[in-house]
Every structure is written in C-alpha cells, then in structure tokens.
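Counting from 14, one number per residue, gives the positions in the sequence shown under this note's numbering.
It should be emphasised that the hints constitute simulated quantities derived from the structure, not laboratory data. There may be inaccurate statements among the hints.
[Said to hold, decoys possible] Below, a list of computed lysine-lysine pairs in the BS3-like style, where the Cα atoms sit at most 27 Å apart:
id : residue 1 : residue 2
1  : Lys164    : Lys81
2  : Lys81     : Lys112
3  : Lys93     : Lys78
4  : Lys73     : Lys101
5  : Lys81     : Lys116
6  : Lys81     : Lys93
7  : Lys116    : Lys78
8  : Lys81     : Lys195
9  : Lys116    : Lys93
10 : Lys112    : Lys195
11 : Lys164    : Lys78
12 : Lys116    : Lys101
13 : Lys112    : Lys101
14 : Lys73     : Lys93
15 : Lys78     : Lys195
16 : Lys112    : Lys73
17 : Lys81     : Lys101
18 : Lys164    : Lys93
19 : Lys195    : Lys116
20 : Lys195    : Lys93
21 : Lys101    : Lys78
22 : Lys101    : Lys195
23 : Lys112    : Lys164
24 : Lys164    : Lys116
25 : Lys73     : Lys195
These figures come from a predicted structure and were not determined experimentally.
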Amino acid sequence: MFQKTFALYGAAFLGALLVLSSCKKETTPRPNAYLALEYPQQEYQSYENSYHHFTFDLNKTASVKEIKPTAFEVHYPEMKATIFMNYKTVDNNLDALLKDAQKLTYEHFIKADEIIEQPYLNAEDRVYGMFYHVGGNAATNVQFYATDSVKNFVVASLYFYAKPNFDSILPASNYIQQDMRKMLESLRWEQTKK
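Build the full structure now, drawing on both the sequences and the hints.
Written out as structure tokens, the structure is:
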C-alpha cells in the first residue's frame, strides 16, 4: 500500500512539475526607458567680464563666479555642471595657446567615442575659434576656444559633478552645449563691440 501511495504521489508530483515547467510565460520586449528631464526654455542676457572687457550671451539660469582675473566659472547647479573658462593674453604665443587648448581636448581621446571639431569664424568681430563635441564617457563633452589672434584668447570646458556616463548626462550636456555655442557666437572683444 505504501508503494502504491508513493508511486501515485510521485507520479502526480512529476506530472505537476512537468506541466509547470513546460508552461512558458510569453516574454515581450519592454519599451526603452527615457529620463523625463525638463529644462527651462533658454533665455540669454549679456555678460561682461569685468577684468578683460569682453562680452557674451549667458543663459539666465546660469550663474558666474569670478575666481581670479584670468579664470571664472559658469554654474548650472540643477544639472550639477560647470563651465570652466580661462582668459589669456596673446603675446607672441598664439601657437602655444592653440596647442594647449587642443591638447586639453585630445587628452580625452582615450575615453571618447568621437571628437567633432567645428571651426568658428566671425571676421567682422574678429572672433576665431574651434568648438569641440566629445562623444562618449569623457570627463568633458563640450569645449571651445576663441581668439582675436592679436590680444585675446578664451578657452571653455564643460564638466559635470558626476561620474561620466554619457547616456545619463546627455540631455544636460545637449542643453549646455547650446548655451556654449551661443557664448562663442555672441563673444565680442571690447575693441570690436558695436
């Protein structure tokens, strides 16, 4: 009797196990998740550097902190980002300044997926430069330099206060990239302001 009961329960258990394991739940792909980040509409105001007498348009949501006469920071606290800007006087050293600015960009080449260079030329206002977009998990994703090739040289780099994960910072990086492009395009040296 014990053997019949054991065999009966054993067969029922194996049958249930077989039925449960053979029933596959239909898997469906899940949709991609996107961050629902919303940033304010970009509005600009003129910013004048009090030491070197140049101006550019600055996003109204950003704040500027002058560190020393040759360095200042543009802060985006809600995005945990800062644009570091440095001014240098051109004194027969333009080649060295250009090499330093390019070196800063290409130091990130190891982590970068790509580096896109976009030359900028505004002969009327004597603003010449290069705008860089660095794709991938580099420490800085956007940089530019600008000069009048005679007296003034400015370099700017965007950094985030977070481990670089390109997918996570991409929306904020794109937003600030537009601001940095506006800075470069609106940059005017004191002697060429109209």
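Okay, the hints, checked on the actual structure:
no., hint, in the structure
1, Lys164 / Lys81, "19 Å, holds"
2, Lys81 / Lys112, "23 Å, holds"
3, Lys93 / Lys78, "15 Å, holds"
4, Lys73 / Lys101, "26 Å, holds"
5, Lys81 / Lys116, "23 Å, holds"
6, Lys81 / Lys93, "22 Å, holds"
7, Lys116 / Lys78, "25 Å, holds"
8, Lys81 / Lys195, "24 Å, holds"
9, Lys116 / Lys93, "25 Å, holds"
10, Lys112 / Lys195, "24 Å, holds"
11, Lys164 / Lys78, "23 Å, holds"
12, Lys116 / Lys101, "16 Å, holds"
13, Lys112 / Lys101, "13 Å, holds"
14, Lys73 / Lys93, "16 Å, holds"
15, Lys78 / Lys195, "19 Å, holds"
16, Lys112 / Lys73, "32 Å, violated"
17, Lys81 / Lys101, "12 Å, holds"
18, Lys164 / Lys93, "33 Å, violated"
19, Lys195 / Lys116, "23 Å, holds"
20, Lys195 / Lys93, "20 Å, holds"
21, Lys101 / Lys78, "17 Å, holds"
22, Lys101 / Lys195, "21 Å, holds"
23, Lys112 / Lys164, "17 Å, holds"
24, Lys164 / Lys116, "21 Å, holds"
25, Lys73 / Lys195, "12 Å, holds"
Of the numbered hints listed earlier, those contradicted by the structure are 16 and 18.
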